[in-house]
Structure formats: structure tokens, C-alpha cells
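First to last, the sequence lines map onto chains H, V and P. Just so we're aligned: 58 in this note's numbering is position 58 of the first sequence, and the numbers increase by one with no gaps anywhere. Start counting at 1 in the second sequence, then tack on 1000, and there's your number in this note's numbering. Start counting at 1 in the third sequence, then tack on 2000, and there's your number in this note's numbering.
For lysine-lysine, the following DSS-like pairs were computed, each having C-alpha atoms within a straight-line distance of at most 30 Å:
#1 V/Lys1030 x P/Lys2033
#2 V/Lys1132 x P/Lys2031
#3 P/Lys2128 x H/Lys137
#4 V/Lys1257 x H/Lys53
#5 P/Lys2033 x V/Lys1137
#6 V/Lys1005 x V/Lys1112
#7 V/Lys1009 x V/Lys1030
#8 V/Lys1140 x P/Lys2033
#9 V/Lys1030 x P/Lys2036
#10 H/Lys53 x V/Lys1237
#11 P/Lys2209 x V/Lys1030
#12 H/Lys136 x P/Lys2075
If you are wondering where the hints come from, they were derived from the structure by calculation, not from laboratory data.
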Amino acid sequence: MSEFEPKVVAFVCNWCTYAGADLTGTSRIKYATNVRIVRFPCTGRIDYMLLMKSFAEGVDGIIVSGCHPNDCHYTSGNFQARRRWIVFRNLCDFMGIDIRRIQFSWVSAAEGAKWADVVNTTVTTIRELGPYTDYKKVANYFEKEVSHG
Amino acid sequence: MDELKKRAKELLETGAVKVVIGYEQGTGNKTRAAFIQKPEEVSRLIFDSRCVLNLAVYLNKPEVKQIGKPAIVAPIPVLRAIIQLASENQFTDDNLLILGITPESKFVEFNKLADVETYLDQHLIEIEARDKEILEKLDKMSVEERWNFWVEELSPCFKCYACRAACPMCYCHRCTVEMNQPQWISVPSHQLGNIEWHFMRAMHLAGRCVDCNACANACPIAIPLNLLTKKTLEEIKVSFGGYKPTLTGGHIMSTFKPNDKENFIR
Amino acid sequence: MSTDKRLVKKTSLDKLFDSIKQQGKTIFAPKLKNGKVNYEQVERFSDIATDYIQTTQSAKVVAFPRTEKILDYTKSKEGIAVVEIDLQSISEVVIWGVRPCDAAGFLPLSAIFNWDTKDIIYNTRLEKTTLIGFSCNKCDESCFCTSVAGNPGGTEGSDMMLTQLGDNGDYLAEIITEKGKTIVDKNPDLFETAGEIDKQKYLADVPVKFNQTEIKDKLANFFENEIWLQQSLRCIGCGACASVCPTCACFDIQDEEHGKRGSRVRCWDNCGLSIFTLHTSGHNPREYQSQRWRQRILHKFSYMPERLSVYGCSGCGRCSRACPVDMNIIEHLTAIQEA
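Chain H extracted, bound-state conformation (with noise of 0.2 Å):
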């Protein structure tokens, strides 16, 4: 297990999280490299599906970040995709699917150091509990040739 390294994938938004990932750089602040980026417009743009597709993909955990409420660039993106989430995330658990691999942020253009420590903790929590085998076990279909009635 010494040997896991967690692939993490971030969606963020165009307006604050992206540009405060940014700030995390231009200040120097050292994070945990595990993670990839992949921006949007806004948290409202973030589709479930695309969470569902990192995991049957191979990620072991997911950061999804945008703007704090009431800062969207957009008005209302975010209050939007928070009650999409809050159901989401509901459905999730009752599917078993472990919601302790998924963490919500708002990180702003300004909160630099936010987001390296919103990276570092999800990083440690991936590393302690381990690969998602469940999931891979599912996502990975190739490994039997047939599914029968």
C-alpha cells in the first residue's frame, strides 16, 4: 500500500477556484501533485456524469470547487449545482458509492492557500483509504468477456 500514489481529478470553475489554484502557484505554495485540473465555466456547468466517468475511469477521489455562494460570476451557478450535490451526494451513499472520495469546496480567486490545503487533505484522506477497488472492480467489464442474461 506504501506504493499508492491517489490519482485525484479536480473540476473547478473558470472564476474563483481555477484563479485561486492560480494564486497557490504564483505565491509558491508547495501542494500535493496528485491531482489534475479540469476547468469550467462554473460549478453549474460541472455535470454529475463527469464524476461518475472519473471513477469507472480509474480516479481514486474527486475535488469539485467553485465560487463561494453569492460570489458566482454568473449569479447563481453555484447555488444551483449545491442543491444538485446535495442530492447527488445523497444518492451516491445509498448506492454505496463513497462519498468520503468526493470533496465539495468553495475555494475563491483570493483563498490560495486554501486550495492547496482543500488538495493536501483530500490527498491524505485518498491515501488512507486506498485505491477505489470497488469501483475499478465494476468499471473494469473487459475482464469478463460476457455478461449473460
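With chain H fixed as given, assemble chains V and P onto it according to the hints.
Frame of chain H; chains V and P shown alone:
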């Protein structure tokens, strides 16, 4: 029931409607949808506890629309579906007549969709005790146990999409499963694709599902997939104060409150 | 070969099962789950469901699985490297408890898969499959094998057919093919000699509902008829009927891609779904459900007998049982005959 038949006959005779969508006796102990177009055929109409198909599913079917203005026999779940569909601009007062049936199997005619909405205030969606018990049992399981439960339940699904076809809320001309640029959900049926399909279905029905159980009743292999939508109903009750179909006021998942409560966002 | 008849004691049935299992074969048998009986991989004799008319899904899943890999591919600068499915890896399967209509369903299925190009994968799977049939001692209102040239004790398609001689009775075993004979040869003690037995009286009485030849003739000039719309008005356009049908063979080919590698798979398709005929342009030649319903009936009762000399229906009644809106095929075919 006689009252309903009498009214249906009248409506067809006067030409107020072109078709009465109701229930009739089917094969063996089954019931089925009936599309009565002649006054003398209203005697075929029946209603009893076996009539669980949600007839609202036919309101969007092109061939049924082509017949002309329908009257629909509507027990509570159908009434709910009608209001939800009307709120999604699927039809208006002018192109539908509603022959309601109360939980006591009494006939009640509605002249306006707004009246149906008011009537439904007395019949809010309550998850049945039997289903609640199953939900609680699942809640008590560990994450791994729940995962295994769903993998086991959903693996046999061969994607006939009977659940989708039987659902009055699944009326999209092009469903997400049929999108291939990008391909969100695998076309072949296998464990992963099945989980994704049923997850997606439940998410798309969150805040719209009227809890009629048509999906689970339609499943040829009896997958309890209505548990997923029931769970979203529960969560919506806890987080957003519950769901009831309304003609105005927006939908649960396309509206928000600035002070929506959660405890998981850092 | 002439049919060899033997007797299997009721108490020996589990020994026969165990013996087949010990030979390393995968056994599919009817199993009860969520109140429905379906073919599943079965490890113990006691897991097999006994009280059922018919499984929800047909036995075709063994030779024509709902999803099967055809090949793997990897893309690189040098080109695309393809690894085809290893036919040797297909395991020997025994289907235990096949009903006569299910076994008979393999004939039209094989006719389709060998119509033009011989489908090697399907043929290999079927070659490696042994069908142990159990004839029917009861039926329900959806059964109509006798209307499509079958019967509740029919041996066509099966390798061995067992008929229980009365409730709690022993079994008459009819050894139909070489594969069936192999089972007897491996378990000589379990197969006793049988005297003259008339199995007919132990079989279910399935009434004849319609005449398929008459229907076929009628359908030749029936394309434009209002009956299609009438019958399909309540059809909601799902694929339950085709998915459970023992003779429905339509499939789709899909590439399941992950980055530079992927698999090409064959999976079931359903003519009842509107997307089945949808063109890229947006045009759909079968725009309405009535046209899809017509296609389903014509294909099975007109096109197939015309082109393949075999009807596309074995009378199992699964489509009627699985249909969420009670599209009863007997009723509809009878109406067509009488129209």
C-alpha cells in the same frame, strides 16, 4: 364506476373528447390501458387496485395525440403526473379532460388543472411503510454492503428500458443514454453501464418523480429500482422541505434558496 | 440416430447434476430471484427452481449473450493492433431445465446467424452448449407452442429431454443427440432402461390458438392495415419483448473505448425502440410505434418463413408475460388471422 362510465359516454357522444384513456381487463389477472373512442365501448372501462399503470405516460405518445383531445382516467398517481407534466409545459387545460378517481375509488371530475393541484394538497406523497422499511434497512448497511447490494440487483438489467418507457416523466425525445457525442452511458448492458444508467435515471427524476412505482412494476426482472427515486424523495424532504407537483413556483432541482443547508462543502 | 429412451430416478437427478458439475462444465439453470425465475449460473442442485412455467429470459443468453466482446484494440503511431476473441476460451456450458419452446427457439436463431456469413462466435458457443430439456407438465394463458408447430414435449433443439412421469414421479430421458449420449455414457448407472412409456399423457395440454401458415399468407398483403395502429396504441415502446425473446437476434456493435485502447462488443438491440431505425440525418423510417410493432410481427411471421423457411417464434409466450402494458401476442395474432 358507473358515474365514470356515464360521464365518459357523454363526453364521447357530445364530441367533447375524441378518446377516453382508461383501464380495462387484460390477460388473466392483468389490467391494461384502454383507448375508448366510441360511446358504446365505455362498458369496457374498469377500475380497481390492479390498475397501477400510470396512464399519463400515453399523453405524450404521438399516435394518441393524433386521435384528438383525450379524457384520462386518473387515480392519484396519474393526477400527480399530470400536474408535473403540465408544469413542464407538456399540456394545458385546453387539451385535456381529467376524470379523477379518489383513493376511495369515487369519481371526481376536474375542470381545471388548478383544481387538481388544490385537490392534491390533501394527498401529499408519502413513502409507503413497506418501502420505508427497506430504505431504512439499506441505510443501516455499510457503504460496501450497499454497493454490493446494488451491483447484485442491477447487474441482471438487460437495458430493455421498460422503466423509462413506463415512466410518464421520461418523455424526452432523445434520452441521455442515447447521446453518443460524448457517450455518457455505455450502450451494452454490463455492471458499470447499468449502474450509471440507473443512477442517471434517478438523478433526472429527482424532484419530478411522483412516486407511482410504474418503473418498478414495468421491470421484467423485478429490479427494485424505484428505491432510488424514493431515496431522492426522502432527501428532498429533508433538505428542501419536500416535493409536491405544482403548476407554479418552479421545480425543486431548477430552483434554489440562497440559504440551502448542507454540511459537506468546505 | 433413433431416440434412445431411458429412465432416470427422481432421486438420481441431483447425482446427474453433480456429475456434470464435476466434469467442469458451467451449468445454467432456472433460479428464483425477486419473485422471478431466470437462468443463472448454478452451483448446487438445490438452488434450481422447480415450480415455474417458464423463465423470464430465454436460454439464448448462453449462445447469444446480451453483451459479448468480439475483439480488443490498441491504437498507436504504428496503427491499430487488434486481438480477436479466443474461441478456445469459450467454456463448455450445460443448460439445465430448458423448456421445449426454448430449445426450439435455437433453430430460428441459428438460421439467422448462418443466413449469409456464418457467425463463428455464435456457432462456437452453441456447439459448446448442451441443452437438457424438461418437458412441460403445466402451462399458462401465455403459452402457445402448439400454434407454432411445437409441443410441450417437443425434443427439437434439445440434446436430452426429461419428462417427469406424474407428480413426484421418475423421469423419462430421451437421448436425442451425440451430446446427450455423452452424458449417458459418462453416467451409465443413472440411466436405467425404460420400457414402453407414453409420455403424452404426462404433458401439459396447450390449446392451439391460431394457424401460423394462415397468418403468414395473410401478412403478405397486410402492410397497410389499421390493425397495427389499433394493436400498438398501448405499446409504450420498450424492448422488454425482444430482450426476453428466444429468437430475437438483432444486435448492435459498439466500441467501448478508454483512451487509446478499447473493446468492440456485440450487444442486444430492440426493434421496439424508436432509436433502432433512427438515421444520423434525424429521419426515422419507422417513426411511429405502430410501424415498429408491424415490423416485429412481420419479421417473425412473414419475412423469416419466407427467407429462412423457419418462423421466428417458438410460442414460449415470454413477450406477453414480460410486457409492462399487456401486449398479448396470442390475442394480436388471432385478431390478425380473423381480420
